[in-house]
Amino acid sequence: MEQIIAPIYEGILKGDMKSVKESVKHALGEHIFPDTILKEGFIAAMAEVGHKFEIGEYYVPELLISARAMQSGLEILKPLLVASDVKPAGKIAIGSVKGDMHDIGKNLVGMMLEGAGFDILDLGVDVSPDQFVECVKTEGVDIIAMSALLTTTMPNMKVTIDGIKAAGLAGSVKVIIGGAPITEAYAQEIGADGYAPDAGRAAKMASN
Amino acid sequence: MIDTQKHKVYVAPGGDRIDVATGENLLEVLSESGVFLRSDCGGKGVCGKCLVTILESSPADDLPFNVTKEIPENEKSFVPGNQLACRLTVHHDLSIQIPETSLISPEVIQKPPLSIQLPADLHAPRKILGAANDYGLAVDLGTTTIAIYLCNISSNTVIASVSVKNPQSFFGDDVISRINAVRQNRLTLKRLQKLAAKAIEFGVASLLKKSQVKAGRIKKMVVVGNPTMIHLFVGEDPDSIGVFPYRPVFTDAKTFKASDLSLWLNPSMEVSTLPLISGFLGSDIVGAGLANETRLSDTGTMLIDIGTNGEVMIRGKNGFIATSCATGPAFEGATLRHGMHAVSGAVDAVKIDGKTGGVSYSLIQNDLKKPKRAAGICGSGVVSAIAELLRAGILLESGQFNPEIRSPNLRKGDDGILEFLLVPSSDAVMGEPITLTQRDVRSVQLGKGAISAGVELLCRDVGLNHPKKLLVAGGFGNFLNKEDAITIGMFPKLSDENFHVVGNAAGLGAVISLFDPGSRKKVEELIASTHIKDLAADPLFQKTFLSSLSFSQ
Numbered sequence: 001m002e003q004i005i006a007p008i009y010e011g012i013l014k015g016d017m018k019s020v021k022e023s024v025k026h027a028l029g030e031h032i033f034p035d036t037i038l039k040e041g042f043i044a045a046m047a048e049v050g051h052k053f054e055i056g057e058y059y060v061p062e063l064l065i066s067a068r069a070m071q072s073g074l075e076i077l078k079p080l081l082v083a084s085d086v087k088p089a090g091k092i093a094i095g096s097v098k099g100d101m102h103d104i105g106k107n108l109v110g111m112m113l114e115g116a117g118f119d120i121l122d123l124g125v126d127v128s129p130d131q132f133v134e135c136v137k138t139e140g141v142d143i144i145a146m147s148a149l150l151t152t153t154m155p156n157m158k159v160t161i162d163g164i165k166a167a168g169l170a171g172s173v174k175v176i177i178g179g180a181p182i183t184e185a186y187a188q189e190i191g192a193d194g195y196a197p198d199a200g201r202a203a204k205m206a207s208n
Numbered sequence: 001m002i003d004t005q006k007h008k009v010y011v012a013p014g015g016d017r018i019d020v021a022t023g024e025n026l027l028e029v030l031s032e033s034g035v036f037l038r039s040d041c042g043g044k045g046v047c048g049k050c051l052v053t054i055l056e057s058s059p060a061d062d063l064p065f066n067v068t069k070e071i072p073e074n075e076k077s078f079v080p081g082n083q084l085a086c087r088l089t090v091h092h093d094l095s096i097q098i099p100e101t102s103l104i105s106p107e108v109i110q111k112p113p114l115s116i117q118l119p120a121d122l123h124a125p126r127k128i129l130g131a132a133n134d135y136g137l138a139v140d141l142g143t144t145t146i147a148i149y150l151c152n153i154s155s156n157t158v159i160a161s162v163s164v165k166n167p168q169s170f171f172g173d174d175v176i177s178r179i180n181a182v183r184q185n186r187l188t189l190k191r192l193q194k195l196a197a198k199a200i201e202f203g204v205a206s207l208l209k210k211s212q213v214k215a216g217r218i219k220k221m222v223v224v225g226n227p228t229m230i231h232l233f234v235g236e237d238p239d240s241i242g243v244f245p246y247r248p249v250f251t252d253a254k255t256f257k258a259s260d261l262s263l264w265l266n267p268s269m270e271v272s273t274l275p276l277i278s279g280f281l282g283s284d285i286v287g288a289g290l291a292n293e294t295r296l297s298d299t300g301t302m303l304i305d306i307g308t309n310g311e312v313m314i315r316g317k318n319g320f321i322a323t324s325c326a327t328g329p330a331f332e333g334a335t336l337r338h339g340m341h342a343v344s345g346a347v348d349a350v351k352i353d354g355k356t357g358g359v360s361y362s363l364i365q366n367d368l369k370k371p372k373r374a375a376g377i378c379g380s381g382v383v384s385a386i387a388e389l390l391r392a393g394i395l396l397e398s399g400q401f402n403p404e405i406r407s408p409n410l411r412k413g414d415d416g417i418l419e420f421l422l423v424p425s426s427d428a429v430m431g432e433p434i435t436l437t438q439r440d441v442r443s444v445q446l447g448k449g450a451i452s453a454g455v456e457l458l459c460r461d462v463g464l465n466h467p468k469k470l471l472v473a474g475g476f477g478n479f480l481n482k483e484d485a486i487t488i489g490m491f492p493k494l495s496d497e498n499f500h501v502v503g504n505a506a507g508l509g510a511v512i513s514l515f516d517p518g519s520r521k522k523v524e525e526l527i528a529s530t531h532i533k534d535l536a537a538d539p540l541f542q543k544t545f546l547s548s549l550s551f552s553q
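Respectively, the protein sequence lines represent chains A and B.
For what it's worth, the working numbering labels the leading residue of the first sequence as 1, then goes sequentially.
For what it's worth, the working numbering labels the leading residue of the second sequence as 1, then goes sequentially.
Source of the hints: derived by calculation from the structure; they are not laboratory data.
Beta carbons: idealized from backbone N, C-alpha and C, even for Gly.
It is possible that some hints are incorrect.
[Unchecked claim] Computed footprint of chain B on chain A, listed as stretches where at least three residues anywhere in the stretch have a Cβ under 8 Å from a Cβ of chain B:
#	stretch
1	7-20
2	101-112
3	150-164
[To be verified] Dumping the calculated SDA-like pairs for lysine to any residue here, alpha-carbon to alpha-carbon at most 25 Å:
#	chain 1	residue 1	chain 2	residue 2
4	B	412	A	61
5	A	52	B	245
6	A	21	B	547
7	B	219	A	103
8	A	52	B	397
9	A	14	B	416
10	A	52	B	101
11	A	52	B	439
12	B	355	A	13
13	A	52	B	184
14	A	18	B	546
15	A	14	B	406
16	A	52	B	544
17	A	18	B	398
18	A	204	B	438
19	A	158	B	546
20	B	412	A	126
21	A	204	B	439
22	A	204	B	400
23	A	21	B	406
24	A	52	B	400
25	B	412	A	198
26	A	52	B	396
27	A	52	B	404
28	A	14	B	437
29	A	158	B	184
30	B	543	A	103
31	A	14	B	181
32	B	412	A	21
33	B	543	A	122
34	B	543	A	158
35	A	14	B	184
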């Protein structure tokens, strides 16, 4: 079985979309469980991509092409996962905070979280605290992931967390934050549940 | 309880004595007394550049400093008694010595616009026989560097110029962190205003001394800068520039009496600022446009001013399109492990022998008498190093150090990640080797990716694949090697006759405005014919930016 999964893993690391798609189809033809392909192929490969990013071996473009290759395989796998009742690792709503129009970092984190087996709800950029709160109420998300690139917009993370608390939802959702100006100390100060310095570590943290 | 206890800080060798209240931060206290230390990280204790030596503290057995937990990587090599001024709160009388490498000194600018030709139509005004000469100052107030030109406005000549590091860096490297500093504490606005004024005076004083000109003869000053710098300089809160839709409080040209802006060299001098275009397009690009007015009349000509923020404008069929891109401070030497501003001691060019892998480099050296030792690497040095590493195959196009290649200088750093040794410790001022880290390479990739994405999208808007002619402005451009910049994919490949390094064009624009008040009309026309492009709002931006990150040409 390892031999059948290995090309998927390698294909994602190389960012080879075509080979990932073909290898996924081949693995399914060999009756490998979709759940196994997801865990040992996709999630394992994206964890390695995250690690390579963390140590500086991969950079944004490599992360992106790997994530795209993973997504192309996931498209084939998703209906089968649903059919076989495999539950995602959790549901995460992600967005850049109010006043912040930057989305590249946020998109990368979204892809890495997807690669870690989560169901992702992308709220886009300039997301108001109310939108985040509303989303917790109606979408049943387990984690809110907020991004801010500017020191001038990061205070809106606190406003959002305060809004979640005020709505009495603090116990039902976890909040993780990230972005260039964010630090661990800031995350603690505003009462976030976690901070990740990069996309790979965001995925690692959400999984724990 | 209000702690009114006072302490004295003696600064050797000059013997300055500064009165300090208990608990005050040493770096801040020194800046406010006009002693400017380097602090690329803005006083966060990260860059390790504001090193001071504690000669004596009283009582001697009690350490006077409260060093916080965040000890920077390079602090490991500090000898006892050496401390970072930004991490030090004063609780005792202190006697300190400031190593030369920690001190900001006004640096003589030897490059344009001193040597540049003024526009032909700018003739010297007719001099009234026997009348004394009047002087003026042109200032390019940059986020990182302040360039000051002393000019004779009776003969329309630039006499001398200096550059000073902007001490506002204490409140952050980029405009956003300074806006945020004001947001957190309104009193900071006044301090930032004063710091800019103090730094300008600091530079002007050295110009006057060197040129034997009396302060009273200075009649006017013209200041250009990015919108946040201009807001801070005139004491206006730049808050609205910090969040979408990034609107400035004002865009018009303003005039003040020097004393209203805490400038005391000649309190009655007239100080004016040139108009701004938008929240991120300031009077710096306006000044650069004015200085290159003739060249910019050709359709397809592009002007790039590279500072902490990159500003780009292109001449289309109907006027200009202009945009700003977040270059980051890497090209000004900040954020790099051993980065520094382009002053004496900075590595400004690197050569790697293709066969032996041996490294040689050149240094900026303004004082030939001083020993030739490297203190760090500046923006053009980094571009040069990366270009050479790419040519030698040590760095891959993806920006990753090639783990397969054997090079005597490629080694694993303390963090286990590959880094490249540029200057061995024996040839470095601080006795610490100067390296280029994987992280440094990544921050250059971000900066150059932002520029080349901006260039590509602006060209597209005027129906071109690449600019017909490129004018590169900014202090960084002065030392920049064109081939190196093209090799790393920062600029499109253009022939020599279509690629011009135009020096500090923003500063030259301020000089022209100083000489020719009539040029203000041209400035207004330039702004009226400029269309502002929001790069991030372009649907192609993300794709273009990401594909611009690699070092392929």
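Which hint numbers doesn't this structure obey?
-> 1, 5, 7, 10, 12, 13, 19, 20, 23, 31, 32, 34, 35
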